[in-house]
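Using the sequences provided together with the hints, build the complete structure.
4 protein chains.
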Amino acid sequence: MCGIFGIFNHEDASTITALSLHSLQHRGQEACGIVTHDKKNFYLEKRLGLVGDNFTKKEVIEKLPGSYAIGHNRYATTGETVLRNVQPFFADLSSGPISIAHNGNLTNGIFLRKKLVEKGSIFQTTSDTETIIQLIAVSKRTRFIDKLIDALFQIQGGFALAVMTNKKLIGVRDPYGIRPLVLGDLDGSPILTSETCTLDIIGAKFVREIENGEIVVITDEGIKSIKPFPKVNCRPDIFEYIYFSRPDSFLNGKNVYQCRKNFGIQLAKESKTKADIVTAIPDSGMPAAIGYAEESKIPFELGLIRNHYVGRTFIEPRQQVRQFGVKLKHNANKGCIKNKSLILIDDSIVRGTTCLKIIKMLKDAEVKEIHMKVASPPITHPDYYGVDTPKQNELLAVNKKSIEEMAKYIGVKTLSFLSVDGLYKSMGFKKRNDNLPQFADHCFTGDYPVIPIDKTLGESKHNQLSFLSNVNI
Amino acid sequence: MCGIFGIFNHEDASTITALSLHSLQHRGQEACGIVTHDKKNFYLEKRLGLVGDNFTKKEVIEKLPGSYAIGHNRYATTGETVLRNVQPFFADLSSGPISIAHNGNLTNGIFLRKKLVEKGSIFQTTSDTETIIQLIAVSKRTRFIDKLIDALFQIQGGFALAVMTNKKLIGVRDPYGIRPLVLGDLDGSPILTSETCTLDIIGAKFVREIENGEIVVITDEGIKSIKPFPKVNCRPDIFEYIYFSRPDSFLNGKNVYQCRKNFGIQLAKESKTKADIVTAIPDSGMPAAIGYAEESKIPFELGLIRNHYVGRTFIEPRQQVRQFGVKLKHNANKGCIKNKSLILIDDSIVRGTTCLKIIKMLKDAEVKEIHMKVASPPITHPDYYGVDTPKQNELLAVNKKSIEEMAKYIGVKTLSFLSVDGLYKSMGFKKRNDNLPQFADHCFTGDYPVIPIDKTLGESKHNQLSFLSNVNI
Amino acid sequence: MCGIFGIFNHEDASTITALSLHSLQHRGQEACGIVTHDKKNFYLEKRLGLVGDNFTKKEVIEKLPGSYAIGHNRYATTGETVLRNVQPFFADLSSGPISIAHNGNLTNGIFLRKKLVEKGSIFQTTSDTETIIQLIAVSKRTRFIDKLIDALFQIQGGFALAVMTNKKLIGVRDPYGIRPLVLGDLDGSPILTSETCTLDIIGAKFVREIENGEIVVITDEGIKSIKPFPKVNCRPDIFEYIYFSRPDSFLNGKNVYQCRKNFGIQLAKESKTKADIVTAIPDSGMPAAIGYAEESKIPFELGLIRNHYVGRTFIEPRQQVRQFGVKLKHNANKGCIKNKSLILIDDSIVRGTTCLKIIKMLKDAEVKEIHMKVASPPITHPDYYGVDTPKQNELLAVNKKSIEEMAKYIGVKTLSFLSVDGLYKSMGFKKRNDNLPQFADHCFTGDYPVIPIDKTLGESKHNQLSFLSNVNI
Amino acid sequence: MCGIFGIFNHEDASTITALSLHSLQHRGQEACGIVTHDKKNFYLEKRLGLVGDNFTKKEVIEKLPGSYAIGHNRYATTGETVLRNVQPFFADLSSGPISIAHNGNLTNGIFLRKKLVEKGSIFQTTSDTETIIQLIAVSKRTRFIDKLIDALFQIQGGFALAVMTNKKLIGVRDPYGIRPLVLGDLDGSPILTSETCTLDIIGAKFVREIENGEIVVITDEGIKSIKPFPKVNCRPDIFEYIYFSRPDSFLNGKNVYQCRKNFGIQLAKESKTKADIVTAIPDSGMPAAIGYAEESKIPFELGLIRNHYVGRTFIEPRQQVRQFGVKLKHNANKGCIKNKSLILIDDSIVRGTTCLKIIKMLKDAEVKEIHMKVASPPITHPDYYGVDTPKQNELLAVNKKSIEEMAKYIGVKTLSFLSVDGLYKSMGFKKRNDNLPQFADHCFTGDYPVIPIDKTLGESKHNQLSFLSNVNI
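Chains as they are written, first to last, in this note's numbering: chain A, 115 to 587; chain B, 115 to 587; chain C, 115 to 587; chain D, 115 to 587.
FYI, nobody ran anything at the bench for these hints, they're computed from the structure.
There's no promise every hint is true.
The list makes no distinction among identical chains, and a pair is therefore deemed to hold if it is satisfied within one copy or across any two copies.
Simulated pairs of lysine-lysine, BS3-like, Cα-Cα distance not exceeding 30 Å [as the list claims (entries may be wrong)]:
| hint | residue 1 | residue 2 |
| --- | --- | --- |
| 1 | K505 | K515 |
| 2 | K545 | K477 |
| 3 | K319 | K482 |
| 4 | K171 | K282 |
| 5 | K254 | K341 |
| 6 | K452 | K383 |
| 7 | K154 | K338 |
| 8 | K383 | K539 |
| 9 | K319 | K522 |
| 10 | K254 | K228 |
This is the structure in structure tokens:
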């Protein structure tokens, strides 16, 4: 996933960026960074961990002067979580200073990297975002914006970029609009952000979404739009609605909470079951569970209590506590579920490991029976555009031959999924347009909008991108 | 509040204690500490901040060897949050080493302290818990247990103690049982903890509650009960049900989640209002809101979205963001509430400052109208037994002359409270027994089970307990 | 050893104290602390390590406001180097706040401690300095100064104290004046310090030494002297001249550098040897070596080069480097000593382990022959007044039967010591007055000015002063 | 200055490197770094501050596995002291991984950098050492060693390099041999180090100096020497003898301590003065002062006492302490110098600011008169090969018209310098060979062995090498 943000010409640029990254924290908890400039110098602070643990201290914010800023929340994808891989990246180019924050994944990043290194480019990171900068650096074009377009035409995949030079703030969304990017306005200062919830929290106005394939260039002279790519239909990632985005965000004009509630309502229509109560795996399953309860008239209850003080890994006792990991986050609310038949709702199932543990815990709390309902279709294909999904054979829906086998594996009486058409219906469409799908839904259908070159070539596995091991700089 | 824990003779004593304090984190987030011993030496680690930030590292746990441990979560009460005030406390007495963790507040702590200092006792902290230790130290009795009883007879207030010597683990609950304490068992190792949710999380069995006025002495020989105080009826603090305890805990055999849901159901019976949706101030108002929705048949929705990554104070931008503080924690879910009439549920109102801000935020999100419903009676008197409530004239219900004025102040169309009798009804009683109330409910009634001597003498204000200023040792 | 300092009514009290402790750093490198007050509150900062590593940052100094301060450098004596044992100590007594810094050792500290604990005193440290505070706390006298005198009459040993209340700064020197204490003046602000070098460095004037058995009380009204003890002759510790004090300090009107040079001159008179060069073990042996060279006319050379960047313990390579520990501090200056016969000077020999290693290193550098000359007599008895000397049977001069055996053990051709009478001669006396010795010289003579009660009773070994193990608070 | 080190195939490579950098600490105290590899991965740790503060902990050394290592001590030269500028540098080249440590300064570094950036190279630092790596990266040659030679032919200035690939350890010394580099052997493992004192301290054997213009390539097959440059005479920097190197090192077969003592002897011959005592500014002036005393027969004394616990900057009291900065490091030994006429020796005078302060301090200590003698000629020209000398007009010898004016300015009765010919005589030459000088002595003569291109073009001032401001990564 990852979250990105940018603000142009606001006296509290770094403070606002910190606050905004905090509002996007759900998009990446592994690391975060902010780059600012004051038209003369650039300032950069990168940290492992949460925004609230790192960008709340006055001393840190004071190291980030200037009225122009971009920021990044890093999601734990493959590869090393080391400071040098934390964005935004900065480089001194012949055209001047540049900084980039990137949400997404290049499907031909390794292929391009190899070619660049052979010609003498020195990579400092193992991130594919650096490939974009190196492509800009070696571009033979003269104007910066042309160098950028030159680079964008070479890269493939899902990407949303916030790019900052000493004069410009630039927002870019890939030709399919797989990853989101939104334009806002805070008292006259233009803003780029991954989600609209940021705008609520910092008190800014929503202007519009950046279109798929659009480059928005913000300067002192105003905001200019460039659309260099051949026009294609937008195919935003359906997972933004299912799981990634915050429920209070709007995406393509649709409120995420309502979409999720609709998934629950549709699920109740597709899959009727008698039970005493409806409960959710907190917090991602909550809106669908509320929808399911509303439609089915079965009471909604808090069958699992979430511990709000999570985020750290405790040392496991030698004499094992059952469901140790899960219990750090959740506890079965025995007083509410004992001897009850339960409809258990979650937003999706990937490997099935988490729901397996939660179901065991519910059974230990003497629940009568569990009917698991998943508010999206079975995941049968990995993602390559910004989310670190497991290899195909690790997916539960690939691993097990049938719904029955899956139900047996995770330990429930019945298991149901939302249908693909149900999904599209909940989103307001009659059905999926199989020729020109309205969303990037490859995880459910195998229909990839962009061919993943690096994966096809099988390169990523065999290549050691850097010989510098896990260095924390 | 505060949370306390103790474990006797378990090879992973410090790991289990860390995990247990984590399960009691909601009882105190300001600081935490663990003391262990290996029958020879005692080991002590105290930290400001959360358990998960401090007791998850191997290096820290390795500094806490031994099979015997007690732990403490400190709640921000009056006075200094400095390391020297963080519990458990340790002392080398003539009878041997002792460590104490205390949940509660002495109502004559300052009075006793003054007398002790005059005779030559040197206090290291400004905590009233140290008074208990100093009383034990100067006791003329011979056996340790007699010294402890000697001390307990002198102190007044609400208290639950976990006391550890190099041979014993001792649990104490005050004569009225104002503060909770529970006995558990983990694979044969006896456990003391403030709440039953701990037992679920570490996989231990519930044995029984420590009775009011009971001393439980755990040694290698087994568990012995002493009841030195004149017998009185138990009066647990009703706020444990309303707010303090975790919803998945059981207190006096009652599930806290169900009690809270009952408050909501009773509230719906007492106070009927037409509206589009029921929503809660997360997370404390959730069970009551679910109860209210169930009883009233008005749909329950997530009208406020909680940011799970809170706990830090961000630097406020110079150009003020409206409702800055509130927005760090919550955001109005506009997609769900816009143009709707809203029933807003919270567990209680103290000063009214938080709900005032949230109501403003909901109005900014264009809600049609708000009916605030509070799942407990108006708070009219401060607490002196372990919770830091504001002075009487800062309480909203004291401050404003009528419900209407209160409604006007916080900005809602109507405001309703649960009645005192409704509260007792929800707890399974016909009504409050005014001669012998079933709970400590002084915050609603002014009926204090123990006279607060220090407050009566007006001493706490005028006394500087220590001249050592905020020292962090 | 330890170094102590105090300043009364100076706007830069904490800054000056930090600087002064830095000037006394040679008296103790293990830990340091400063306590200040502003007539209302006391402020305390204690750290393990050097003054320059801990009290140079603005943030730390800002935590120490107020115009009144005392400070302490801790020398690694027996027992735990943990923060709770680092001075100055602070206590809230019935008479008000008090802070104490102590240089020296009580010879009946454990005996007194035991009695106090039995009556209910709770000790927080394992330091005998706390005994003084506890004695003051339980004194039945009324005025603070009488409580202090009450305590001083009970303690025995060598001690120099800086005591600070919210009104007074008090300097105390034990009846024999074993440990030094000096009165100075910085622009009208009275100062107490262990050595005169402090006064040079902070630009203060020397006023006078505190006399043996004298209590100097500094208040807003001025400086008052009290002499409550029966008058005895002063017997300062001769080791202050031999090793402890800085060469630029004056003690009893004598310049330490000149005394040490005199030891070298006297040594050259007592022990003539033919050699090519005179060299010193840096830096303690330097003044005596210069004296020896001057008297003997043998050229002085830097035969050992000291690494100025020491103070840290490196990880030793598995495949051992010869003389690893020594080489971190010194290297033989081969270009200067190869094939030369060497007179090697040191100030004293305790266990002989260091000079043994240095001599091996010199031999590896192909020196022709070494004649070791020690600028003080053989050490035959342990000290009990503030220095951590080894047990008697670990002393080289006790361990080996004769000078020849000692020479053989450390690996030199000849070994000579300064005679006891030579020592007194160098100090300006005709000889030692055996009835009423001019110095505390028990390490050379076994003639202890104060009987070491704790050691006689053999208690210290068998008692565990605290069951709290190495806690760093 | 800077110090560099490398070791090939030793199981304790990182430990040995830490120890060795500690032995070279005098060559640079600002920062330090170590890179190791295990033939598979490279490991890098860089820190601001001293080796002993950073590379003594087990956790740090454990992050540096592998049997191959290079290290670097950074001297505070112009530009930013930020982690990204701390060496060794690492890069992933198309030829494989490479790491470089560099002692010296390129005189055409900025010129080359500009050209590289224009072609698309992205610089991560503002150090000219990175220029060498970027030149290697873009070299069109095939073999790594040819790429390196390709780069070396383009750079100019004084340089000694330790270069490490996953197969080779390479030592390089510039054509004139301005900066030193030595080959050693530790139990069969080849070593590169800036000075021979390292070899003593780690117990290694001296093999030989790397020759001027020589490339030494160490592989599993053995040690190979390449001399690609046209042969010129070696001209080592005379300041290595005067000030940079440790006195116990040997350079070109000459012991540095003896050379410095010779400067003092020669100075005594050239400049005779009657006085009571000879004293040195510690520690750099010590050997020359001992030489002067020996030749002049005037007694050598420790007139200034050095505080061994320096290296930190204390907060200056508001009410100024005279000679604050100097007193942190030195104190006048009044007992030794009061009313004496003094010959004061230092190794050299640059700006004169330090000796000015020390002379004031000596006068405050009531010295009778001071004759300053400098054991090298007046410095009239800046250095450009690795030392950060001030601009020409800040040099005392340029600033003041005559020796008399200089004496008056620093406040001494007379001032003398060693003559240039005296300098060469002390080094064993009859006189300076003006056509082919034996040393790089441009600071005294203006005779630069290599033309400083960047300075000539006046570029360094006007160019902002990086827009990234002082970032600590």
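Are any of the numbered hints broken by this structure? If so, which, sorted upward?
2
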